[in-house]
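Visitor: All chains, full assembly: derive it from the sequences and hints.
Under UniProt numbering, the first residue of the sequence shown carries the number 1, and numbering increases by one thereafter.
Here are the computed distance ranges between Cβ atoms for each label pair:
id: 1; residue 1: 293; residue 2: 55; range: 42 to 52 Å
id: 2; residue 1: 64; residue 2: 256; range: 52 to 62 Å
id: 3; residue 1: 282; residue 2: 79; range: 42 to 52 Å
id: 4; residue 1: 240; residue 2: 29; range: 44 to 54 Å
id: 5; residue 1: 12; residue 2: 257; range: 45 to 55 Å
id: 6; residue 1: 125; residue 2: 60; range: 25 to 35 Å
id: 7; residue 1: 212; residue 2: 185; range: 17 to 27 Å
id: 8; residue 1: 103; residue 2: 306; range: 49 to 59 Å
id: 9; residue 1: 81; residue 2: 281; range: 28 to 38 Å
id: 10; residue 1: 175; residue 2: 64; range: 37 to 47 Å
id: 11; residue 1: 209; residue 2: 233; range: 20 to 30 Å
Taking lysine-lysine and the BS3-like style, the derived pairs with C-alpha atoms no more than 30 Å apart in a straight line are:
id: 12; residue 1: 73; residue 2: 36
id: 13; residue 1: 291; residue 2: 306
id: 14; residue 1: 270; residue 2: 306
id: 15; residue 1: 291; residue 2: 270
id: 16; residue 1: 197; residue 2: 90
id: 17; residue 1: 291; residue 2: 197
id: 18; residue 1: 197; residue 2: 156
id: 19; residue 1: 139; residue 2: 156
id: 20; residue 1: 178; residue 2: 154
id: 21; residue 1: 94; residue 2: 139
id: 22; residue 1: 291; residue 2: 190
id: 23; residue 1: 94; residue 2: 36
id: 24; residue 1: 154; residue 2: 190
id: 25; residue 1: 65; residue 2: 90
id: 26; residue 1: 201; residue 2: 118
id: 27; residue 1: 178; residue 2: 118
id: 28; residue 1: 36; residue 2: 156
id: 29; residue 1: 154; residue 2: 139
id: 30; residue 1: 73; residue 2: 94
id: 31; residue 1: 248; residue 2: 291
id: 32; residue 1: 197; residue 2: 139
id: 33; residue 1: 106; residue 2: 156
id: 34; residue 1: 190; residue 2: 139
id: 35; residue 1: 106; residue 2: 94
id: 36; residue 1: 36; residue 2: 118
id: 37; residue 1: 118; residue 2: 94
id: 38; residue 1: 90; residue 2: 106
id: 39; residue 1: 118; residue 2: 90
id: 40; residue 1: 178; residue 2: 270
Quick caveat, the hints were computed from the structure, so don't treat them as lab data. Positions of the beta carbon are idealized from the N, C-alpha and C atoms, including for glycine.
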Amino acid sequence: LNLNLIPYFCGENINVNVTNEFLTTVLEDTYFTGVKSQQEGVLIAAWCRISLLSSDTISHSVSMKIFNLSAIKSVVTIEDCEEPFVDFIKALNKQVSAQNQVFRLKELCEICFGNIDKWISNYLTPSTLDSQVLYLFTKISLLFYYCAPLLYQKSKSICLLNRLVTVLLLPTEVLMGKPLSPNILHAIEKTWHLFMKGIFKLDHVSDPYIDRTLKDLIIRYVPHFSTSNTPIMNILDSAEITTYTLEKITNSFLLHSARSSEENTFKALKTIQSILQVSFDLPRIQNITRKVLSGVFEVIIFNSQKSAALDLVKF
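Guide: Shown next as structure tokens:
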């Protein structure tokens, strides 16, 4: 087998099924030896692309052989596993938690995931099946949840986390207030809490970029999410993230100084009411109330959504 074919058949524009067949052939070839480190990186990146795009395509045996390549094996050990991609990022997370080889782990993440932003836009279209978009966002949200500290480098203005956030979550269209296609919005709504929890592991207090990213994930999406089944319900298990989120909602949609549209103010009030409806823990209810009450009173005094605000107070 000519190893010089690796860059071509593992290219981002090659059909994922073709790449998978090539990967299977290469890794299961008895005579497959002597691959260079750069070629290893190409094979690993191709495996990641296949894993993100299809749950059925790549075989378990191929995944285990990918994990046995020196670029991965020298940094992290992965035993036999049921869900190779998810178990891989969980293994990376364990290494981070143990503060082991963080610099090398970041290098490995760049090898594995560094090209995602170059090909993923082809699948972020209205014509892509809802199930495929959701699968893609689910896997990448888990990557953020487990490995956000490995994706981010404060010293680099365009690091891996920044690139993925820009293409997946906060593209120019979102920042300009333009609507996303329904399939993408649905996928983000289902996975938003995982992205939030992952990014929140970073230092939002002293890092303006992280703080701005978290804020944008809240204020750019809350008006578009369902008010009755908001994904904010999935972050209520963290008092710190809940507090942060409610502060941003209050400051952006309830306070008179925010000059929020009536529609967005109404949605914010209904979202808070839905959160309270599923909150049975007294300290949690008290925390929610403390964070939003001043904003609710300002709506009652200054905003035409007074009745919705009064409904919330009565609740």
